[in-house]
Amino acid sequence: MRAWLLSLALFFLASAHAVPDLSQAVRERLQQVPVLRGEFEQQKQVQGFAKPLVSRGSFVVARERGVLWQTRTPFASQLRLTRDEIVATQNGAVAFRLDAGKEPAVRVINSLMFALLNGDLSGLAEHFKIEGTTEGKGWALQLTPRQAALAKLMSRVELGGDQHVRSIRIDEANGDKTVIRFSAQSSEPAKLTVDEAARFD
Amino acid sequence: MRLPALTSVSPQGRRESASAPPGGSKKPRGGPSVFLARIWLVVVLAIVVHLAWLLIGGRLQLDTDVLAMLPQDERQPAVQQATRALADAASRRVVVLVGGRDWDSARRAADAYAASIAPAPVELRYRVGDEAAGQWLGFFEPYRGQLLTAAQRRQLETAAPAQLAQAAVEQLYRPMAMPRIGSWAADPLNLFAGWLSERAADSRVRVTEGRLSITEGERHYALLMLELKDSGFSMSAQQALIPQLERAREAALQAAPGLDVFNVGVPLHAAAAANQAEREVHTIGAGSLLGIIVLTLFAFKAIRPRLLVTLSIAIGLAAAVSVSSLLFERLHMITLVFGASLVGVAENYGSNYFSSRSGRPFSERFAMLAEQGPVMWLAMLTTAIGYALLALTPFPGLRQIAVFSVVGLLAAFVTTLWWFPFLDRGEMPLTAFSRWLGSRRALWPALGRNRFTLLFALVVAGVLAGGALRLQANDDIRMLQNSPPALIVQQRAVSALLDLPSPAQFYLVRGASEEEVLQREEALKARLVPLGVQAQAVSDWLPSQVAQVRDAALLASVNAAVLDEARPLLGEAIPAPGLRAFKPLLPADWLASATSEPLRHQWLGPFEQGHASVVLLRGVNDLARLPGLAALAASLPGVQWVDKVGEVSAVMARTRQLMAGVIAASYLLVFAALSWRFGARAWRALVPTLLASALALALLGLFGQPLQLFNVLALLLILGMGVDYGIFLLEQPGRAALRPFLSVSLAAVSTLLAFGLLALSATPALRAFGLTMLLGIALAWLLTPLFLPAEKH
Numbered sequence: 001m002r003a004w005l006l007s008l009a010l011f012f013l014a015s016a017h018a019v020p021d022l023s024q025a026v027r028e029r030l031q032q033v034p035v036l037r038g039e040f041e042q043q044k045q046v047q048g049f050a051k052p053l054v055s056r057g058s059f060v061v062a063r064e065r066g067v068l069w070q071t072r073t074p075f076a077s078q079l080r081l082t083r084d085e086i087v088a089t090q091n092g093a094v095a096f097r098l099d100a101g102k103e104p105a106v107r108v109i110n111s112l113m114f115a116l117l118n119g120d121l122s123g124l125a126e127h128f129k130i131e132g133t134t135e136g137k138g139w140a141l142q143l144t145p146r147q148a149a150l151a152k153l154m155s156r157v158e159l160g161g162d163q164h165v166r167s168i169r170i171d172e173a174n175g176d177k178t179v180i181r182f183s184a185q186s187s188e189p190a191k192l193t194v195d196e197a198a199r200f201d
Numbered sequence: 001m002r003l004p005a006l007t008s009v010s011p012q013g014r015r016e017s018a019s020a021p022p023g024g025s026k027k028p029r030g031g032p033s034v035f036l037a038r039i040w041l042v043v044v045l046a047i048v049v050h051l052a053w054l055l056i057g058g059r060l061q062l063d064t065d066v067l068a069m070l071p072q073d074e075r076q077p078a079v080q081q082a083t084r085a086l087a088d089a090a091s092r093r094v095v096v097l098v099g100g101r102d103w104d105s106a107r108r109a110a111d112a113y114a115a116s117i118a119p120a121p122v123e124l125r126y127r128v129g130d131e132a133a134g135q136w137l138g139f140f141e142p143y144r145g146q147l148l149t150a151a152q153r154r155q156l157e158t159a160a161p162a163q164l165a166q167a168a169v170e171q172l173y174r175p176m177a178m179p180r181i182g183s184w185a186a187d188p189l190n191l192f193a194g195w196l197s198e199r200a201a202d203s204r205v206r207v208t209e210g211r212l213s214i215t216e217g218e219r220h221y222a223l224l225m226l227e228l229k230d231s232g233f234s235m236s237a238q239q240a241l242i243p244q245l246e247r248a249r250e251a252a253l254q255a256a257p258g259l260d261v262f263n264v265g266v267p268l269h270a271a272a273a274a275n276q277a278e279r280e281v282h283t284i285g286a287g288s289l290l291g292i293i294v295l296t297l298f299a300f301k302a303i304r305p306r307l308l309v310t311l312s313i314a315i316g317l318a319a320a321v322s323v324s325s326l327l328f329e330r331l332h333m334i335t336l337v338f339g340a341s342l343v344g345v346a347e348n349y350g351s352n353y354f355s356s357r358s359g360r361p362f363s364e365r366f367a368m369l370a371e372q373g374p375v376m377w378l379a380m381l382t383t384a385i386g387y388a389l390l391a392l393t394p395f396p397g398l399r400q401i402a403v404f405s406v407v408g409l410l411a412a413f414v415t416t417l418w419w420f421p422f423l424d425r426g427e428m429p430l431t432a433f434s435r436w437l438g439s440r441r442a443l444w445p446a447l448g449r450n451r452f453t454l455l456f457a458l459v460v461a462g463v464l465a466g467g468a469l470r471l472q473a474n475d476d477i478r479m480l481q482n483s484p485p486a487l488i489v490q491q492r493a494v495s496a497l498l499d500l501p502s503p504a505q506f507y508l509v510r511g512a513s514e515e516e517v518l519q520r521e522e523a524l525k526a527r528l529v530p531l532g533v534q535a536q537a538v539s540d541w542l543p544s545q546v547a548q549v550r551d552a553a554l555l556a557s558v559n560a561a562v563l564d565e566a567r568p569l570l571g572e573a574i575p576a577p578g579l580r581a582f583k584p585l586l587p588a589d590w591l592a593s594a595t596s597e598p599l600r601h602q603w604l605g606p607f608e609q610g611h612a613s614v615v616l617l618r619g620v621n622d623l624a625r626l627p628g629l630a631a632l633a634a635s636l637p638g639v640q641w642v643d644k645v646g647e648v649s650a651v652m653a654r655t656r657q658l659m660a661g662v663i664a665a666s667y668l669l670v671f672a673a674l675s676w677r678f679g680a681r682a683w684r685a686l687v688p689t690l691l692a693s694a695l696a697l698a699l700l701g702l703f704g705q706p707l708q709l710f711n712v713l714a715l716l717l718i719l720g721m722g723v724d725y726g727i728f729l730l731e732q733p734g735r736a737a738l739r740p741f742l743s744v745s746l747a748a749v750s751t752l753l754a755f756g757l758l759a760l761s762a763t764p765a766l767r768a769f770g771l772t773m774l775l776g777i778a779l780a781w782l783l784t785p786l787f788l789p790a791e792k793h
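In order, the protein sequences belong to chains A and B.
Mind the numbering: the first sequence is residues 1 to 201 in our numbering, read in order.
Mind the numbering: the second sequence is residues 1 to 793 in our numbering, read in order.
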């Protein structure tokens, strides 16, 4: 039973191998904010599918709470990642739930998702070898998993952005490729609105 | 060693001693003959050789588990076998958790621990290669089309295909979904990942950086599992492991100071129990030996009597161990403790010999023995009666004690009777101390029509009434467990971290074939779901073939329907995947694979005429739910509820009640034997002991001690010893007679030293036993002189 974890597996990892110059340069450009919201467009190329699957919606990343991923098209659904669980809902009904008490990897998945959306370099450095370049206000990073366990899920991740993360590309080990573009990002108000907070509960 | 054997010997012995010459003839004709002494020498030599073979070869197997000593549940051998199988698996395993705030230091410390423990004779499981995970996935992958969790099956059976298709598509759009194994079309609902994830959730153990690990909130632990290579019952192996674990722990703490290191496992408890017992036997043994030697020196001014009495006891113990190990597979520690109690009884014969001898010329020893012989035989017989009845009970545990005790007693007795006159040398004047002690008898008033009797009766009645009101039986087996608190704290912490199912209660599932066992497990689990009880069963991993066929059909039809519904939603012409040929997952394959390791001990395999398995439960913390779970088994064929704790406690209670019956019967038989010798006076030898036993119980009640098996067992010994006091005193009831009271007092003090110190033991069973003995023997000694007939002036 302990074994399958490898496939769920995102684990606590070796100490960060610092890339001081690059991370310093990216940090100078990136805004670290308590709450970030915006719009996304996700294109997912699934093995065996002719066309990419395109979805659009909005997201909220809150340092204290986690991540809300709200898809509007092609259909409405929501994914919520908090410290203690991952919950997917569709039409108000729970389609999927994973509990951190049962599956400790939940915490890691969520911290990883948070780090990706927020461009949290120290969080990412735990899991990935980071290479990259900066140009003017922009930057681009290529991430390679440090751990065999993680490499079984994702072969490579690319991040790009300026004061916010503007795009993420994830190459999954099974051949699926996901590209997410962000727009209309805003960190104001700096606190969750009542409506947003309610959606986290 | 049964009662008939003793009675057939007894008349002969009596005749022989009775026909011994009255004077101090050098060569005894009847009585103890040189011939008998030689025969006994041959027997003793054989015993010594056998014992040496046992001890030097390390062939003597000891059991320290209190539960193992308790009577087996005679009605349910299958349950015992199942319990034993589960316990055996646990008895060799030590679980080590090394953890702290961050994984790095936990890993560093655990690596140091692993390196330090490597030379020990244990199998270590800690590092797990990447390929292990591959094997795991690889093993089940060919069967993925026929594996469903109960929740998945319900979902597929009840939900409409359109609804399922929507869920499948939703998953596809999720930015972070459950990782998919294989193509989407083959498993659009990703059920295989769900099945694997439920299996993974059975255990909280994960693999981190190629090491077993557990995460609890913010704390990270590395997990090391050690398995003793030897049989877990080898106490030397268990005890040798402790310092190695301690060194490894230190190595871990040196690598990363301030971490938690938890060591738990049955071997640790067993070693702790054995160490404690050893320590106690040493201090108690040394204390009582010293006291007894000092006392004998005072009483006889010679070391020889002490040496000879010790010799008789040593031969008694040696014979007991030798014969018991021939008859029983393993000797239990509690048997040995009882054996140690033989010291107290066997002491009576030797003490009586020397008390009778002292102050008489050396040459009169055969005459003295001829005179004392019948009394000693009677004393021996009354004690043996109790043990012989114990041997007739249907409980193997008690039988072992009975055999051990009767053999030991008889050997010590025979040594006294047949060897002492030959080994005894020189004159033994009655010492001043002996005179003083013997004459204390005169201080006792006789019961009769006097104020003392009235006062005595009032006090006795008061204590008995008070005790009867307070005394409560409590047979809860948990009272008998006494592991060091530090071990229990660690045990709790580790159990909580690992979230292990409870081994105390489980279902035993039996069937004619492996398939039937699995089907019955599934039927049981279906009934447990509505009760909200989480089961851990082999069939979670290895569904019955009926279930596999049914799930394969369900999956194939649902997948096809979902694909049909999903195509328009996705706008894709996804080809249906090729059908795979059904290949059943068979028990033999599962058992042979590494994936079965965590649950293999629950699969009992061939069992009696069929097959059997154990279904464990998790999170049943409310004892009030147990009756409901027990009732469930009644309506399911082949399923039996086993509540080990409850059952053992019930067996303890039954044994205690049975013992009470044995003791009552013993009193009757002893009374018959006494009447045969003392006629109408017989009650004077028996009533003091009866009263002493009753008062001892009453006092226990007043002290707030519960009544349990070990108190009752002590009552049997009190009968055996106390009646001896009555016999020796009643034989020469005169107030002026020094020797009987000297003999009885020496015997009583020896017994009190041995058992009184046992009352200080930290082992609850021994403490209960020792305390009862302490009270009972002291009272029997105190009361017996009161019941002697008043002298006519």
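Please note: incorrect hints may appear among the correct ones.
[As the list claims (entries may be wrong)] With a Cα cut of at most 20 Å, we get these calculated EDC-like pairs of lysine to aspartate or glutamate: (1) K191/A / D120/A; (2) K51/A / D564/B; (3) K525/B / E141/B; (4) K51/A / E565/B; (5) K229/B / E597/B; (6) K51/A / E41/A; (7) K102/A / E227/B; (8) K177/A / D201/A; (9) K129/A / E158/A; (10) K229/B / E123/B; (11) K137/A / D120/A; (12) K102/A / E647/B; (13) K129/A / D171/A; (14) K191/A / E39/A; (15) K177/A / E572/B; (16) K102/A / E198/B; (17) K525/B / E198/B; (18) K583/B / E141/B; (19) K191/A / D176/A; (20) K525/B / D540/B; (21) K102/A / E141/B; (22) K51/A / D171/A; (23) K229/B / E218/B; (24) K51/A / E216/B; (25) K525/B / E246/B; (26) K129/A / D499/B; (27) K229/B / E246/B; (28) K102/A / D120/A; (29) K129/A / D104/B; (30) K177/A / E41/A; (31) K129/A / E39/A; (32) K525/B / D643/B; (33) K137/A / D171/A; (34) K583/B / D540/B; (35) K102/A / E157/B; (36) K102/A / D499/B.
[Unchecked claim] To list a few chain A residues with every Cβ distance to chain B over 10 Å, as calculated: (37) A25; (38) S77; (39) T144; (40) L153.
No wet-lab data here; the hints were simulated from the structure.
As the structure is a computational prediction, the values presented were derived from the model and not from experiment.
By construction, the Cβ of each residue, glycine as well, lies at the ideal position given by its N, Cα and C atoms.
Would you check the hint for K191/A and D176/A, treating anything up to 20 Å between C-alpha atoms as holding? Outside the cut-off at roughly 35 Å; violated.
With the threshold set at 20 Å, check whether the alpha-carbon distance from K102/A to D499/B stays at or below it. 10 Å, holds
Does D564/B lie within 20 Å of K51/A when you go C-alpha to C-alpha? Judged against 20 Å, a Cα distance of about 18 Å means the pair holds.
For the pair we were handed, K129/A and D499/B, check the Cα-Cα distance against 20 Å. 35 Å, violated
Quickly compare the C-alpha distance for K525/B and E246/B to 20 Å and report which way the hint goes. 42 Å, violated
Going straight from one Cα to the other, do K51/A and E41/A come out at no more than 20 Å? 15 Å, holds
Looking at S77/A again, its CB stays over 10 Å from all of chain B? 5 Å, violated
With a cut-off of 20 Å on the C-alpha distance, tell me whether K229/B and E123/B pass. 6 Å, holds
Is it true that the CA of K102/A sits at most 20 Å from the CA of D120/A? Not OK: K102/A and D120/A at ~26 Å, beyond 20 Å, violated.
Given hint E565/B paired with K51/A - CA-CA distance at most 20 Å: 18 Å, holds
Verify the proposed pairing of K102/A with E157/B, using a straight-line Cα cut of 20 Å. 26 Å, violated
Is K583/B close enough to D540/B, meaning Cα to Cα at most 20 Å? Holds, at about 18 Å.
In summary, the numbered hints that this structure violates are 3, 7, 8, 12, 19, 21, 23, 24, 25, 26, 28, 31, 33, 35, 38, 40.
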